[in-house]
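Here the protein sequences come in this chain order: A and B.
So in the numbering used here, spot 40 of the first sequence is number 40, and the numbers just go up one at a time.
So in the numbering used here, spot 310 of the second sequence is number 310, and the numbers just go up one at a time.
Derived by calculation from the structure, the hints in this document are not laboratory data.
Do not rely on the hints blindly, as some may be mistaken.
[Stated by the list, open to error] Straight-line alpha carbon distances no greater than 20 Å define the calculated EDC-like cross-link-like pairs of lysine to aspartate or glutamate that follow:
#: 1; chain 1: B; residue 1: LYS92; chain 2: A; residue 2: ASP63
#: 2; chain 1: B; residue 1: LYS92; chain 2: B; residue 2: GLU329
#: 3; chain 1: B; residue 1: LYS92; chain 2: A; residue 2: GLU58
#: 4; chain 1: B; residue 1: LYS331; chain 2: A; residue 2: ASP61
#: 5; chain 1: B; residue 1: LYS331; chain 2: B; residue 2: ASP343
#: 6; chain 1: B; residue 1: LYS92; chain 2: A; residue 2: ASP61
#: 7; chain 1: B; residue 1: LYS92; chain 2: A; residue 2: ASP59
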Amino acid sequence: MSTDDVRGRVRSFLDTRLASRSPSDTDDIFAMGYANSLFAVQLARFVQTEFEIELQAEDMDIDNFRSLDAIVGFVCAKTGADGPQRPAGELA
Amino acid sequence: MTGVRSPVGAPAPVEVDVALRAPVPIGLAAEIEQRVLFVAREIVGFSLIVDDGAVTGVTLRSAEPLDVAEITRKLDTVVDNDVRTQLVTPAKVVWRSARQRTVADGTYDRLRAAGVVSESGEGQAAIGEPLLGLMRYFDRTVTGILADHFDVREYRYPTLIATSTLEDAGYTDSFPHHLLFVTRLHNDMDVYAGVQETFAGRPIDGEILAYCGNVDYCLPPTMCYHTFAQHRGTTIGDGTLRVVTAKGKSFRFEAGYSTTLERLWDFTIREMVFMGGRDAVVAARALIMSHTFALLDDMGLTGRCEVGNDPFFGTVDTSDRIVAQRMLELKYELRLQVAPDRDIAVASFNFHDDLFGGGFGISHADGTPATSGCVGFGLERLVYAFVCQFGTDPADWPDAVRAGVRRLGA
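In isolation and in its complexed conformation, chain B is listed as follows:
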């Protein structure tokens, strides 16, 4: 049977069907969907073509006609390297909410019409009340779970992160598509004069990059890399579990921003990092998961938690990394309903094994790399899902949320 999966990205005037070199099992459709918008910047939207239980092609949408031969080459390269060689793993749900609520569509448009959010750029949104109060409440509540069970240290990290830190974390290799570099004009008086002269009376464009070139800092894609850099070269005593938490703005370039609060270029993460022995780290992750699920059930939120994987892109072993993550359940994604047929990931619960212990020289007393794990809550997405399910009127919220938001105040 032939059909298409739900469209992804924006509508556009030009559509072209591109056949894949060979069909891909439907079980890997989501893996293709994660990557199509990164295949070429001209692609603004797409739908997968499904035939007889397999993905056979992609309908690509763009503003201008695409070079079909070139786009086919790129698409096949990405699918062949990152997707086709994946062994299909079963979908595995580890928690389903007790309440299965019907969620109406159109929340984002209502928030925008009411002035609760306003877009300031692609994937960027200004957020007002009541979302701000809800963000404070959810943040305080999940950090309360952490503080109730662990000896935790909290930090606020700088906005910039050294590119070398991301290299040590393997980020530049695994997620080049999300990288955001921060650059500046070279500190040289001739450079400043050249810029002033070149751009006198005209807008700044790509030509300015000739006066820059520094790539020693990036915007952080998450908080935990700051934490690993902070603990670089340290030794963790036997039986010790280091627990660190931080909240901060995180930045990932995502191609395609149709419903802004569901896919933001910059967003706020509350991150919890665990470093120590394998059993203690795994147990810590499990504890935070179980308490989070209980919290969501107490509120009556609708969602599920399932085995997930990171969006590795274009590395030599992308497929194996994804399959390994899923087989060993290194990542769980908490997804909450935001529309009748749509949910979004609002948190992830991750076990890194000794990847970052090795990368940053964080060791046990015997010299072996420490294991680590982290939990990250995307606060904008979390409160967006909440208002999708409960609305923006506090009178309709669960009592504990309404009272908690009021208690925390502005």
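Okay, chain A solo, but in the shape it has when bound:
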């Protein structure tokens, strides 16, 4: 699994759930009011099932879920996803 794979799947989740209010890669989803607090738990559950990560108590830090970049970084650190990025335009 490459970083781009992770980014694409997280982006897809955010676009679906937040519809027209989709945040940029660095936007703080909660501080900027894109979603209410319950969305933090939805994000955690999404990460848990989508990437088969067993979340530990120490993983439940909001800093791991604040932005698309933060989520991608967290997932990659937990899964070791650091494969080569796909050239632009290449199909997954």
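With chain A fixed as given, assemble chain B onto it according to the hints.
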């Protein structure tokens, strides 16, 4: 390794071990403990059974033998819905007192023996001096912090609160176990005559409810719902932070009242409510927190402040609400030591996001819901913790407290 957590509630002659459907991580033990006494009214006390780092069952205590199958069903339902699905979050302490004082046990018994407190009912206590003077002092001191930094308006609210207000606040959905309704006889002469006839020469019992039925008012569980109702449908100008404070009696049914001043059915809250933009509300909460911590350190009180959560009960998304509160640090609880192995929550510092702005139609100029936060000090608990640590003799108190109590007088 097998063991039990500290017993909760009262002792009772009948004990039965009930196994949970499946083990629950020990990190969620406190969440189970918050709920067991609400599972069935026959339960008066309990201990969690811990095995190999997980809660595997509960030893229940009751006056009469329990229907084990029925109680197991109820217990599993509550644990499965409210606790088991929670993602475990780390304990996070945001402040620890500079002073770590050794606190002796038995303060409540000493207060009762000295006539400082007397119990007038389950979870209800009459409170005398020196606790009253200390309550005035602490109340004046924390409201002084607020007044020093904000343009604040103070109100005294009615004791009753409309049930519809609690519904708008989501309270009836989130905390049904704490609700206390106020009812009255229907205003109908036949009803009055029926009551007089029915209860002539015998005590009033549940049969009287047939003559009542009004549930339009409750006793308030806190003050801030009054404030939101008061500001319902208003618009907050850009850059404006509304700050309101109120002190009042608050009421929550709590099952299990063993050490009365630590768990009261009715108690006094000094509440501070902030409404406005997100950054301003969050900053206001942080300011009150930092000044409160400094105050406690100046006094030499021992305690800590940690991320907390509300005791949501039995809603479809109880677990997620609790986890969200903890992840986003929407609630901090200030806990002070009252015994060698026990502390109690004396204050909470809360950020509601736009929950109540949306629920009560309190908006920004652009129509989006305002954000809000509140700080609540439980005054009885605060002064109880103080005397647990410093005693009731003013000669042993910090100079500033002794002088402040004397200055405020009776």
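Each hint tested on the structure:
1. For the hint linking LYS92 of chain B to ASP63 of chain A, the alpha-carbon distance of about 14 Å falls within 20 Å, and the restraint holds.
2. Proposed proximity of LYS92 of chain B and GLU329 of chain B is supported: the alpha carbons are some 9 Å apart, at most 20 Å.
3. Between LYS92 of chain B and GLU58 of chain A the CA atoms are separated by roughly 10 Å; this keeps the pair inside 20 Å, and the hint holds.
4. Taken as a hint, the LYS331 of chain B and ASP61 of chain A pair is honoured in the structure, with Cα atoms around 15 Å apart against an allowance of 20 Å.
5. Between LYS331 of chain B and ASP343 of chain B, the direct Cα distance comes to roughly 18 Å. Compliance with the 20 Å bound is thereby established for this hinted pair.
6. As the CA atoms of LYS92 of chain B and ASP61 of chain A are separated by approximately 10 Å, the hinted pair is consistent with the 20 Å bound.
7. Distance check on the hinted pair: LYS92 of chain B and ASP59 of chain A sit about 13 Å apart at the alpha-carbon level, within 20 Å; holds.
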